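Colleague: Residues per chain, in single letters:
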Amino acid sequence: VSTVVQRPTGTPSFADVTRDVLRTLTTPGNLYFGWMCIVGLILAGGILAWTWQIWIGMGAAGKRTPQMWAMYITSFVFWIGIGHAGTLISAILYLFRARWRTSIFRAAEAMTIFAVMTAGLFPLIHAGRMWFAYFLLPYPNQRELWPNFRSPLVWDVFAISTYLSISTVFFIVGLVPDIAALRDSSTGWRRRIYAMLALGWEGSHSQWRHYRRAYGLFAALATPLVLSVHSVVSWDFAMALVPGWHSTLFAPFFVDGAIFSGFAMVLVLMLPMRHYFGWHAYIQDKHLDAMGKLILVTGLVLTYFYVCEIFTTWYSGDHFEKASLFWKVTDTYAWALWLMYFCNCVAPLVLFSRRARLSPTVLYIVSILVLIGMWFERFNIIVPSLGHAFYPYGWGIYVPTITDSMIVIGSFAWFFILFLGFIRVMPSLSIVEVKETLPPPVRDHGHGGH
Amino acid sequence: MAATDTIVGIFAHVDTTVRAVEELKAKGYHDVDVYSPAPLHEIEEVLERDRPVSRVRLFTLLGGLTGIVSAFLLTIWTTLEWGLVTGGKYLQLDPEGGIAGSSLPPFFIIAFELMVLFGGVATLIGLVALARLPRLRPSPGFDPRFTNDRFGVTVHCPPERAASVRQILGAAGAEEVRA
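Sequence order for the protein chains is A and B.
Numbered by my numbering, the letters in the first sequence go through residues 1 to 450 in order.
Numbered by my numbering, the letters in the second sequence go through residues 1001 to 1179 in order.
Misleading hints may appear alongside valid ones.
[Stated by the list, open to error] Selected chain A positions facing chain B (in silico; Cβ < 10 Å):
1) P147
2) P177
3) A180
4) M196
5) V432
6) D444
No lab work stands behind these hints, which were simulated from the structure alone.
Quick caveat: nothing in here was measured; it's all calculated off a predicted structure.
The beta-carbon is built from N, C-alpha and C at its ideal position, and this holds for glycine as well.
Bound conformation, chain A alone:
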């Protein structure tokens, strides 16, 4: 076992890890409450806008035919994409034994669940009359009316509810031993609450042996699931005949974009946490380096997909495909397309430099640009494609109103409020897995064997 920490402060001991995590759960300062207030206000605005839309009707939002999917489905796909990095880190990197994942996976998993919870709101907001949302599920009813299982939208319901359930199970199973550690290190009412949530976990080997096996199995189940979810989301588009959508490229294209944006969001959340919680011993330069490299690689792959998309449009010789692309590149929404190319293809190239990958400021700026780029990618897939399909009399321009803009901005607040709440009540650094990666305490170094 090589020494994990090369910092002059020395390797943290097991007790240091518990203490450092426990420290993040003390009563937070004014900065935290200030952020909570700002985010809370934005969220209140979003809720108000949604209420308004329910009150007035769907006309309150700017979406009109032909662009009924507009910003809501754009944001839905965006948030599902963000939700990919967490399970990728916790499942795929676990199976590949990539040890650098240990200090970031907990926050990334929490991010996943909150992102999927945010995404899940959009089909309800978008469809209107969300009190009939249960129509999506296959349930027995008196007319024996069942969902059409040949519809990609029904596949989506299954894919996303499975993804949310399995990610939540994975997350909670990972949390239980950590909550047990918190229970045994805290006092008073906190201790009582943690004791309830820890389910009486004790960390005996007779528990660990099942736990380890189960965790591996969860990872094995979650790995194909991660790849399937965004593939299924992409089929919502690819199964339709709309020019610009009807392509077999879509599944890998969406999965890659999801990982790309997900990692950017992980950095946006982790860099401030590293700074404010003083976690430099756990989230080290090599972690930033690894994440920077992943963003760079997925960004290059995405660029390749963009080139393929343009090439196949030209090569197909299909008039409507070519006309749709030409319109996207040159007309009303061209600014969004070129912004997307800049943010997703050009900006990440900075990360070829090692100095850039190790600089939190550069990483932060690139991550924000990537998030903007990836939101606009979904916008560019949905809005211009629908606005310029086959028939000229079916063309249209979408202009958002205050209502749908506030709902979309509010969704970010909803996500951040969940995340901010989480980091103050639950360990956002995995106590157990960090201990697992540290060199264990050994008395007789000569006989240790490592």
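Once you've looked at the hints, dock chain B against the given chain A.
Modeller: Just chain B now, kept in the frame of chain A:
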């Protein structure tokens, strides 16, 4: 069952813990359990040496298979029940016997999702059942330090052998031995 004593040795180091377990196993004590702050492979190696792997995987397998079967039952049955033709695809009972139609491929997607869902939930049930969760009161021998930075070796043995167990634990390097 005859009365048994539970002896606990508290250790600060993983190598002394492993030594104590080795020693106990050599002396014929098999009812040994180890508490550790994290699942460490050093401990796993000595305890798992001659044991079958955890049965959790059986739960996963059964859950996954249940998911696949129930997904196909649900999709095929509901399609037969509500005979909707979309995109020229349909599925219906053939009057001459069997099922006619061409809409099976999309059902594999539902089958995959339900395999993962049921497999995952069954794994969770397996874990909860096999690890005996939830526990309402701590097991004899548990100490709050075990989730922080100490290791515990517990031995269940007849009272007359308690002294020998204490001696083994102490010799291996336990910080503290108690019953």
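Colleague: Hint V432/A vs chain B: min CB-CB distance below 10 Å?
Modeller: With a closest approach of 5 Å, the V432/A hint holds.
Colleague: Should the hint that D444/A touches chain B count as held when the rule is a Cβ pair under 10 Å?
Modeller: Because about 6 Å separates D444/A from the closest Cβ in chain B, which is inside the 10 Å limit, the hint holds.
Colleague: Hey, does the P147/A contact hint survive, CB to chain B under 10 Å?
Modeller: 8 Å, holds
Colleague: Holds or violated: the hint that A180/A contacts chain B, with Cβ atoms closer than 10 Å.
Modeller: Because about 5 Å separates A180/A from the closest Cβ in chain B, which is inside the 10 Å limit, the hint holds.
Colleague: Measuring from the C-beta of M196/A to each C-beta in chain B, is the shortest one below 10 Å?
Modeller: Check passed: Cβ of M196/A comes within 9 Å of chain B, closer than 10 Å.
Colleague: Have a go at the P177/A hint: is there a Cβ in chain B nearer than 10 Å to its own Cβ?
Modeller: It holds, given that the least Cβ distance between P177/A and chain B is near 7 Å, below 10 Å.
In the structure shown, no violation is registered for any of the earlier numbered hints.
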